[in-house]
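Start from the sequences and build out the full structure, keeping to the hints where you can.
Chains as they are written, first to last, in our numbering: chain U, -2 to 109; chain L, 6 to 118.
I should point out that these hints are in silico values taken from the structure, not numbers from a laboratory. One should not assume that every hint holds.
Unchecked claim - Restricting the straight-line Cα-Cα distance to at most 27 Å, the calculated cross-link-like pairs of lysine-lysine (DSS-like) are:
#, chain 1, residue 1, chain 2, residue 2
1, U, LYS(-2), U, LYS91
2, L, LYS16, L, LYS62
3, L, LYS62, U, LYS39
4, U, LYS39, L, LYS20
5, L, LYS62, U, LYS91
6, U, LYS39, L, LYS16
7, U, LYS(-2), L, LYS20
From a predicted model like this one, the values you see are computed outputs, not experimental measurements.
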Amino acid sequence: KQEVTQIPAALSVPEGENLVLNCSFTDSAIYNLQWFRQDPGKGLTSLLLIQSSQREQTSGRLNASLDKSSGRSTLYIAASQPGDSATYLCAVEKSSGDKLTFGTGTRLAVRP
Amino acid sequence: GAGVSQSPSNKVTEKGKDVELRCDPISGHTALYWYRQSLGQGLEFLIYFQGNSAPDKSGLPSDRFSAERTGGSVSTLTIQRTQQEDSAVYLCASRLDRVGEAFFGQGTRLTVV
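Have a look at this one:
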């Protein structure tokens, strides 16, 4: 059974700092990995999708990397802003069209 | 609409009553998922519809839970004889097909009293 772990569970940083969120998964046979953010009381917003054949994806200040063989992904946020405060979730998909298995998230707070 | 729409946004029901939660996926999306997020917990997979294929019901927690998807579009999640442990946010997501990003709705917050 696939298990997805995110470390740290919570993180508080001052505005402007660069930070890294970690996601690890026990079964490296994945099809893709997706990063989401969730604001309090809201649904999930897709940030980045990395196919298993890719090593990284970038969108603006966000960069996600994937090391499938070691079962790890990182989400790098550059020059953090208070608006980045949210819970960040990673999710893996075992095969095309399969369900997503989610981690429990990292709750990020960026202090002005 | 432009995104995944769920209704109602909030639902309070008495223990033992039945509830129906609705999801309108993005137009043209063939894949539709239901997840549940309990307080302080991760997202728990419930059920998955892909086109005209038989749904993957492997995540439904009990036979009180059922879902259908009519005409390959709107989906309804039904919970019969609700229990307090059913209280959670129920999230729906859709995808264009078997690949690509999953887009989530805002969820329905269900409270069983």
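Checked hints:
1. As the CA atoms of LYS(-2)/U and LYS91/U are separated by approximately 10 Å, the hinted pair is consistent with the 27 Å bound.
2. For the hint linking LYS16/L to LYS62/L, the alpha-carbon distance of about 23 Å falls within 27 Å, and the restraint holds.
3. A C-alpha spacing of about 25 Å is found between LYS62/L and LYS39/U, which places the hinted pair at or below 27 Å, so the restraint holds.
4. A threshold of 27 Å between alpha carbons decides the hint, and for LYS39/U with LYS20/L the separation of about 25 Å falls inside it, so the pair holds.
5. The hinted pair formed by LYS62/L and LYS91/U meets the criterion: a straight-line CA distance of about 17 Å does not exceed 27 Å.
6. The hinted pair formed by LYS39/U and LYS16/L meets the criterion: a straight-line CA distance of about 15 Å does not exceed 27 Å.
7. Pair hint LYS(-2)/U plus LYS20/L does not hold up; C-alpha atoms about 33 Å apart against a cutoff of 27 Å.
Hint 7 from the earlier list is the only one contradicted by this structure; the remaining hints agree with it.
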